[in-house]
Amino acid sequence: MKKVQAIIIGGGSAGLSAAVTLKKNGIEDVLVIEKDEEPGGILEQCIHNGFGLQTFQEQLSGPAYAERFVRMAEELNVRILLNTTVTKLTADRVVEYVNSEEGAVQVQADAVILAVGCYERPRGGINITGTRPAGIYTAGQAQRYLNIDGYMVGKRVFILGSGDIGLIMARRMTLEGAKVIGVAELMPYSNGLPRNMKQCLEDFDIPLYLSHTVSKVFGKDRLEKIEMVAVDENRNPIAGSEQYFDVDTLLLSVGLIPENHLADHAGIRMDPSTKGPVVDDRYMTSEEGIFACGNGLHVHDLVDYVSLQAARAAEGAAAYLRNGSPKGTPLCIKNGNQVSYCVPSQFYPEDPAEKLTVYFRVRTPMDNQQLVIRSGDKVIRTLKKRKLLPSVMEEAVLLKKDMEGLTEDITVEITEVAS
Amino acid sequence: MMEKELICVNCPMSCRLTVQIEENKVVSVSGNSCPRGKAYAETECIRPERILTTTVRITGGIHRVLPVISESEIPLDRIMDAMELIRSAQVKAPVQVGDVIMENILGTGVNIVAARSMDKFSCSDTSQK
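Respectively, the protein sequence lines represent chains A and B.
Residue numbers for the first sequence follow this note's numbering, beginning at 244 and rising by one.
Residue numbers for the second sequence follow this note's numbering, beginning at 44 and rising by one.
Calculated directly from the structure, the hints in this document are not laboratory data.
In this text, all values refer to a predicted model and were calculated from it rather than measured experimentally.
Please note that a few of the clues may not be correct.
Chain B stretches covered by chain A per the calculated footprint, using a threshold of three residues with CB under 8 Å from any CB of chain A [stated by the list, open to error]: (1) 110-124; (2) 144-152; (3) 157-165.
Think of the CB as a built atom: it goes at the ideal place given N, C-alpha and C, for glycine as much as any other residue.
With the sequences and hints as input, model every part of the structure.
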């Protein structure tokens, strides 16, 4: 069996950043495996701007951001295998891939970094009754058809879900001449970034229906009509609130889920709150030498954080290749009150990382709250937060001295500011 | 004096701006985290401007369309006219990121440039376009 020092599965924003960082950390033998015909991943279809403010201190489009990382990878002689799909990963780091030139190949890696991205929740993942006509797409799928393949998917469009991709597609379809009739959001607040509410909906007078959902679709061959209903505080449909819109296209922007078939098969422990692997402060999963990063670990809000976090995972992998696993038994980093998850969710009190950024999201929008990080009853840090939104990824920094010698799990929680 | 709440669209931070307006002039901006926020508030209250991103047809490339971006903001009320013009454009591969695709669009002084490089499609590529 062929041997490679480090294999990165996925050549998108996470995989490219991890590859560049491994090289910079002296790991020479790096192989990136990418299923598409070019590297860059989802960035290639995200043609809107707003990427790179943290990484490059300028605003770039998605493809331009990807190109910067592809150039860096090329300069560092990173090997990227294109048009190649990984079909299997084992706990002892055998990677099986397939492409049209080599057929099915098995490679033994000393370290594996999962940078596999996420997928969109499809129609089957939510309860929309009715027929099965053409014209129902996930927002990202429509985005790919339009921005890479150059095809418009419809003329009269309704969008379910106010996540960022849904909002961005509302503007994109409008610019290309389609009529976007409206956007329905199940929650009483938008799930997109405030800037996208402004520049994608308000700029084009596209109505947003909060606490509404699409309950039924009509049409034999092609979508003809949708039924929208209002929902109560328990998200149940309110009888009599039905409204109908004649549309030929319904775009679904109803959630992203880390893609984890490979990790599951390798027996890697999953975190039910992120639906990605459980990782420690070096981004190592429950299986030794297998690391995870990017949207396959947890769904990020900004690509800049994907790049940053993937670099941390690559540093973890480089340290593992030099020194092996961290010492001692790990403790957990738990999500407490109003926090929906924490990543990473483990650390080594006997051998902590120099600095650990814990990423988390809150459950509901909140104003003027206090972030509390504690280990048992011992408060490590408190931080005032003016505005907290579920659509925005939050972070809390832990230093080596904060984690060293702790005997109880760390909890990250939100408490009301005592006034 | 009129007070207006705005959301800055310059970057994903989406800063909440409070703008004081007097006789159609912005007299103060607060809530911004950088100078761009102040500039945004000033134009937003008079004539909103946006970066435009879209695609143009490309021949001989690995894809059928090439993403393009306006080098700087153009007036929001001209965006649809700009789209009309850009839709008629066609370019030939290869293209380098930053190549000017349309100069001085609608006389705004802003160029529309390639948002990525795109190589020529070669027969050795396994994918057919």
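Against the structure, the hints come out as follows:
With 5 residues having a Cβ less than 8 Å from any Cβ of chain A, the stretch 110-124 of chain B passes the three-residue criterion, so the hint holds. With 0 residues having a beta carbon nearer than 8 Å to a beta carbon of chain A, the stretch 144-152 of chain B misses the requirement of three or more and the stated coverage is violated. Counting residues of the stretch 157-165 of chain B whose C-beta sits closer than 8 Å to any C-beta of chain A gives 3, which meets the bar of three, so the coverage hint holds.
Checked against the numbered hints given earlier, the structure breaks only hint 2 and satisfies all the rest.
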